[in-house]
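Protein chains: 2
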Amino acid sequence: MNTLLKKTIAAGALSILLAISSVTAQNYYKNGKAWVTKAEALKPVLKETIIEPKSIVEIVKNKDAFQGWEAKAVAPIDSLYDQSIRKLNSVIVDLGDHYTGYFSFDLATIWGSPDSPVRFRFTFGEVPSELVTPYEPFNGGISRAWLQDQEYNIMYLPGSYKIDRRMACRYIKIDLIGSSPYFDFKINNLKFKAVTSAKNTPKELPASTPEMIKNIDKIGLNTLKECMQTVYEDGPKRDRRLWVGDMYLESLANVYSFENHELTKRCLYMLAGLSDDEGYVLGTVFEAPEPHAQAGQRLMDYSLLYNATLKEYLAATNDMETAKELWPVAKRQLAIINQYVSDNGLVDYERANGEWWLFFDWKDGLNKAAGIQGLMIFALNETYELAKLLNVENEISEVPSLIKKMKRAALKNMYNFKTGLFECGDDHQISYASQAWMIMGDVLSEKASQKALANVMKHQEALQPGGPYMYHYFIQALVKSNMYDEAKTVLTDFWGGMVDKGADTFWEVYDPTNDLISPYGFFPINSYCHAWSCTPVYFIRKYPEIFQK
Amino acid sequence: MNTLLKKTIAAGALSILLAISSVTAQNYYKNGKAWVTKAEALKPVLKETIIEPKSIVEIVKNKDAFQGWEAKAVAPIDSLYDQSIRKLNSVIVDLGDHYTGYFSFDLATIWGSPDSPVRFRFTFGEVPSELVTPYEPFNGGISRAWLQDQEYNIMYLPGSYKIDRRMACRYIKIDLIGSSPYFDFKINNLKFKAVTSAKNTPKELPASTPEMIKNIDKIGLNTLKECMQTVYEDGPKRDRRLWVGDMYLESLANVYSFENHELTKRCLYMLAGLSDDEGYVLGTVFEAPEPHAQAGQRLMDYSLLYNATLKEYLAATNDMETAKELWPVAKRQLAIINQYVSDNGLVDYERANGEWWLFFDWKDGLNKAAGIQGLMIFALNETYELAKLLNVENEISEVPSLIKKMKRAALKNMYNFKTGLFECGDDHQISYASQAWMIMGDVLSEKASQKALANVMKHQEALQPGGPYMYHYFIQALVKSNMYDEAKTVLTDFWGGMVDKGADTFWEVYDPTNDLISPYGFFPINSYCHAWSCTPVYFIRKYPEIFQK
Chain A
2 MNTLLKKTIA
12 AGALSILLAI
22 SSVTAQNYYK
32 NGKAWVTKAE
42 ALKPVLKETI
52 IEPKSIVEIV
62 KNKDAFQGWE
72 AKAVAPIDSL
82 YDQSIRKLNS
92 VIVDLGDHYT
102 GYFSFDLATI
112 WGSPDSPVRF
122 RFTFGEVPSE
132 LVTPYEPFNG
142 GISRAWLQDQ
152 EYNIMYLPGS
162 YKIDRRMACR
172 YIKIDLIGSS
182 PYFDFKINNL
192 KFKAVTSAKN
202 TPKELPASTP
212 EMIKNIDKIG
222 LNTLKECMQT
232 VYEDGPKRDR
242 RLWVGDMYLE
252 SLANVYSFEN
262 HELTKRCLYM
272 LAGLSDDEGY
282 VLGTVFEAPE
292 PHAQAGQRLM
302 DYSLLYNATL
312 KEYLAATNDM
322 ETAKELWPVA
332 KRQLAIINQY
342 VSDNGLVDYE
352 RANGEWWLFF
362 DWKDGLNKAA
372 GIQGLMIFAL
382 NETYELAKLL
392 NVENEISEVP
402 SLIKKMKRAA
412 LKNMYNFKTG
422 LFECGDDHQI
432 SYASQAWMIM
442 GDVLSEKASQ
452 KALANVMKHQ
462 EALQPGGPYM
472 YHYFIQALVK
482 SNMYDEAKTV
492 LTDFWGGMVD
502 KGADTFWEVY
512 DPTNDLISPY
522 GFFPINSYCH
532 AWSCTPVYFI
542 RKYPEIFQK
Chain B
2 MNTLLKKTIA
12 AGALSILLAI
22 SSVTAQNYYK
32 NGKAWVTKAE
42 ALKPVLKETI
52 IEPKSIVEIV
62 KNKDAFQGWE
72 AKAVAPIDSL
82 YDQSIRKLNS
92 VIVDLGDHYT
102 GYFSFDLATI
112 WGSPDSPVRF
122 RFTFGEVPSE
132 LVTPYEPFNG
142 GISRAWLQDQ
152 EYNIMYLPGS
162 YKIDRRMACR
172 YIKIDLIGSS
182 PYFDFKINNL
192 KFKAVTSAKN
202 TPKELPASTP
212 EMIKNIDKIG
222 LNTLKECMQT
232 VYEDGPKRDR
242 RLWVGDMYLE
252 SLANVYSFEN
262 HELTKRCLYM
272 LAGLSDDEGY
282 VLGTVFEAPE
292 PHAQAGQRLM
302 DYSLLYNATL
312 KEYLAATNDM
322 ETAKELWPVA
332 KRQLAIINQY
342 VSDNGLVDYE
352 RANGEWWLFF
362 DWKDGLNKAA
372 GIQGLMIFAL
382 NETYELAKLL
392 NVENEISEVP
402 SLIKKMKRAA
412 LKNMYNFKTG
422 LFECGDDHQI
432 SYASQAWMIM
442 GDVLSEKASQ
452 KALANVMKHQ
462 EALQPGGPYM
472 YHYFIQALVK
482 SNMYDEAKTV
492 LTDFWGGMVD
502 KGADTFWEVY
512 DPTNDLISPY
522 GFFPINSYCH
532 AWSCTPVYFI
542 RKYPEIFQK
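So the sequence lines, in the order shown, correspond to chains A and B.
Quick note: the first sequence uses my numbering, first residue 2, plus one each step.
Quick note: the second sequence uses my numbering, first residue 2, plus one each step.
Note that these hints are calculated values from the structure, not bench results.
Do not take every clue at face value.
[Stated by the list, open to error] Straight-line distance between alpha carbons at most 30 Å, and here's what the computed DSSO-like set of lysine-lysine pairs gives:
(1) A:Lys163 <-> B:Lys192
(2) A:Lys163 <-> B:Lys204
(3) A:Lys194 <-> B:Lys163
(4) B:Lys204 <-> A:Lys44
(5) B:Lys204 <-> B:Lys55
(6) B:Lys34 <-> A:Lys187
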C-alpha cells in the first residue's frame, strides 16, 4: 500500500539509520556515506508505459507446455468490460508480455446502489502455473509474502482503484470473493503501468541472424529491461534488489544494449558506500526503507566480482573520475584473497568456505575449491587491468607474482594431467564450474583449455551447471578458448530450451529435465524473470561473428 | 485503503454525480441540492482517542458464555512487545472495550536484515466468536467483505504501519502468514485511534439507581457513542450508514445524553436533500464516495418516522429555522398515507406492502397490516404536533379528521372487542407489533391499551418482538399506557439479558433463546454494536421515575 510504504520510509528512517550505522558505523572508507548520497542522486527516473490487457485467457493442462500449463486466449478483453463480474466471478487476463509495475482498474455499477464493500483476490503470475497452483499449505523455504496474490477490500464504489504493490507479471487473475446480492457491477478500464530504467532501444540484429538467436536476444533484452529498475535488480518479482553477481552480468549486457551506464555507476557507488566495516563489498544491499546493506552478508565470489564490474564500467565509459574514486574499494577486496591464500598459493578452501558464503551456482554438492581458486586469479587479473587503466598498478605491484603462484598451485594441486581436467575434493570431483573458472583465471593454455572443456562435456559424471548464472561463465570460458561452435551450441541449447517452452523472460533456474525445480522447495515462488539469465544479450551482441551467424 | 478511498472519492465523483442526478434529477424540492450542501457543511469533526490494548487473550469454549466463547486474559500486552512474532505466530489482543477507528502498529527487527516482505492476516471482532469462527466457506446472505478480516503484505520493514479501513472491534487477532527464516522481528506499539462524534459526557445516574439499570445505561451510551460518527450510523461495523429508523431512536437517546443536535440536523438535511423525485424520504442514504441515496429504497415506516424525528428535533432544540425549512418534506410524506388509505379509513395493506418495503421488525411471518395502520396514525399525530409548533396546522387541516377516520377503521376492522387485542390477516394474527403501534397511534383509551398490552403478554401464540428495534416501540407503548412496572421489567429482562451475557455494546439482533440467530444466515456478520439497541438510554434518562428506581 502506498500510504503504508510512505509511512514505512518516514517511520523506518530512524530505525534504519541505526541499522546502517551498525554496518558502516566506523565506515571503512571516509567517503562511505557520501557514496550512498551520490548513489541516491543517481536514482533514475523510470520510464512509464501504460499497458492494456490483450485478452481473457484460460489456463489449461498441457503436458507439453512448461510446467504442464498453457494459457489459451478465449475472448478479447473488451468482452470483460460489458459483463457482470459478479456473474463471471473469476477471470484471468493476459497483458501479452511480461511487465513490471502497477495495476489499476475501475468498478462501475450495472444496477442498484452499492450497499456494501466488495472483496477481490488478485493473483499476478509471470508464468501460467502461478495462476493455477494452490499456494496453501505453503511449504516454501522463503517468505510466503513473495507470492503475488493479495486480498483487497473496496469499501466504496463506483471508483478507480490502484494496487500500490509493484507486481511483475504477464497474467492477472481476478477473483471476486465478496459482493452483495443487492447491486451488480463490472470491472473495466484495466491498466498496468509498466516501469523500467531501460530507456534506449537497442539496435536491431541483422536480418541474416538465425531466428532462434533473434528470439533468445529479444527475450534476453526483455529480461534485462524488466530487471533494470532503480537498481539492477536480480528479479522484479523476487528479490527485487541489488546483488553483485547479477549486477556484473546485467552491466555486461547493458553495455551492448540499453547503455544505461548511470545505473551501473549508481550501483557501484551504493555497494561501495554500504560495504562493511572492514571495507568488504557485501553480496547484496537494499534500497528501502533506506539504503542499507544486508548485515554480515559476506559472499566471497560476489565481493571479488565487484572489481570486474568496476573494470568493465571504466572500459565501457572511460569515466576515470568514478573509477579513481572507487579504486580504493577494488584494492581493498584483494585483502580477501590475501587472507585465504596460503604460502603454497592455494586457497584455504575449508576456512574460506567456513567463514564466507561461496555461491557460484545453485548446484547441490558442488565443490567450490577449484572454482574459488580460479575466480580469485580472475579477480586479480581484472583488478590489475583496472589498475593499469588508472595507472596505479604500482599500488598493487605484488599482484602479478601472486597470480603466478596461484596458477602454479592450481596446476600442481588440482589439475589432472592425464585427463586434462581440474578436480577437487577427496572424491576428485569434476565439474563444469571448476573448468570454467580455472579457464576464466587463465590458468591453462588455449590448447589445454579446449581439452578441459571438450573433456568435461564428454564426461558422464561431471557436475553440469545448475542454472543460467553458471552457464554464463562456462560459455565465456568456451569463447575465451576459441570454441565458438560449442559456445553457440551451449547457448542455443540452454536458452533455446526456454524459448521453446514459451518463455517471455528468462528464468532464475532452468533444468531442461525438470520444469518444477526450485531452490526454495516450491516452484511458484521462483523468479521467472531473472537478471543473470539475460546474459545471451551480451554474448550475441559482443561476439556477432560467433553468435549472429 | 486510504489512497484507495481518496482515489475512490476523486474518481468516483463523476460517476456518483450521475448516480445522484438519477435520484434527484428533477429534484422534488428546489432546495434539494442546497440541503445536501448544508448537510456536508455540518459534517462533524470527530473526537479522536488513542487506545492501547490491555492484554493478550485466549478465546476459549464456554457453554455458558455468549455464543459459547469467552475471552480469557492470559498475559499483559507488554509481554507481546518483547518477543518474536515469528515464534508466536498468532495472538489475540483485547482493547478492553468496543471501539471504532483505526489500527496501527510498528515492526522492529530482532536480528538479521529483513530480506523479504512479510504477510499478516488481521481479524477484528466485536465479540469473541468472530475471532474463532471460520469464515470460509462463506454462505451469508450479504457481502463477505463486511467481515473485518484482511490480509496485509508489508514490503519493507522496520517501520510503522496503519490499516486504513475503519474497524469496529474489541478484539484484534494477529496472524503472521508469511515471513523469512533469515531475520526475526517483533510487533509492538499497537494503537487504536478511536473516533466518534459523541463529545459531551452525559451526566451520571443517581447513586441510588439499581446496578442493572446503571449497566444497561452505560452499555447503551457506549452503543450510541460508537454509532455516532459523521452520521448516525446503524452500526459501525455494518452497514456504517444512515437509516431513518435508527436515526429516530438514536436522536431520541441523543437528546437525553450526548446532546449533539448538530448531528441530527445534518442527518435531517441529508435525508431531505437526497429524497426521491416524488419527494419521499428514502430508507437509507450513503455519505461516500459522494452523498447519495439508495436508488428506489422506499421504506414506508421509515419515511413516515422522518416526521417524528423532525418534530422531536424541534422540541429539543427549538430550532424553528431548520424545522420551517424542512417542513415541506414532512408535509410531503403525508402523501404516502393519502395514497394508501382507502375511503373506509383502512390502509390498503396488500398494495402498500407490494409497492413499498414495510420493515417494522426482523420477524418472520409478521403481518404488518395493523402495524402500518397504527404507525400512519402515529405519524399523522406527530406531523400535526410539528405543524402546531410551526403554526402551520392550517396547511394540513384535513389531518385531524383523517386521524379520526383511521382510528375508527382500525377499531372496526382489526380490534377484537372480546379479547381486547388487535388482529390482522386471514389467520387473525396477534402480535406485540400490532398492539404497540395501535397504542402508539393513540387508537385505544388508556384502559383498553393496558388490557391489550397485558393480554398480549399473556397470550401464548402472540408473535413477540424479533429484536431491539421493535422492543423500543413496545416499551414506549407500555410507558404511554402507564404500565411502568411492566415497562421496566421488559427493558430489564431484554437488555439485562445482553448485559448478563457480557455485552460491551448492544446487539443488532438478540433472541434470549438463540445466541446464533442472524438475519443474514451467518452470525459473525451480525452487527454487535447497533444503533437501534441504544434506546434504553432514552427510557432510563427521560423517565427517571420509572426506570431509575
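Each hint tested on the structure:
1. A:Lys163 <-> B:Lys192: 27 Å, holds
2. A:Lys163 <-> B:Lys204: With Cα atoms ~47 Å apart, lysine 163 of chain A and lysine 204 of chain B exceed 30 Å; violated.
3. A:Lys194 <-> B:Lys163: Cα-Cα ~26 Å, so holds.
4. B:Lys204 <-> A:Lys44: 61 Å, violated
5. B:Lys204 <-> B:Lys55: This hinted pair holds, its Cα atoms lying about 27 Å apart.
6. B:Lys34 <-> A:Lys187: 29 Å, holds
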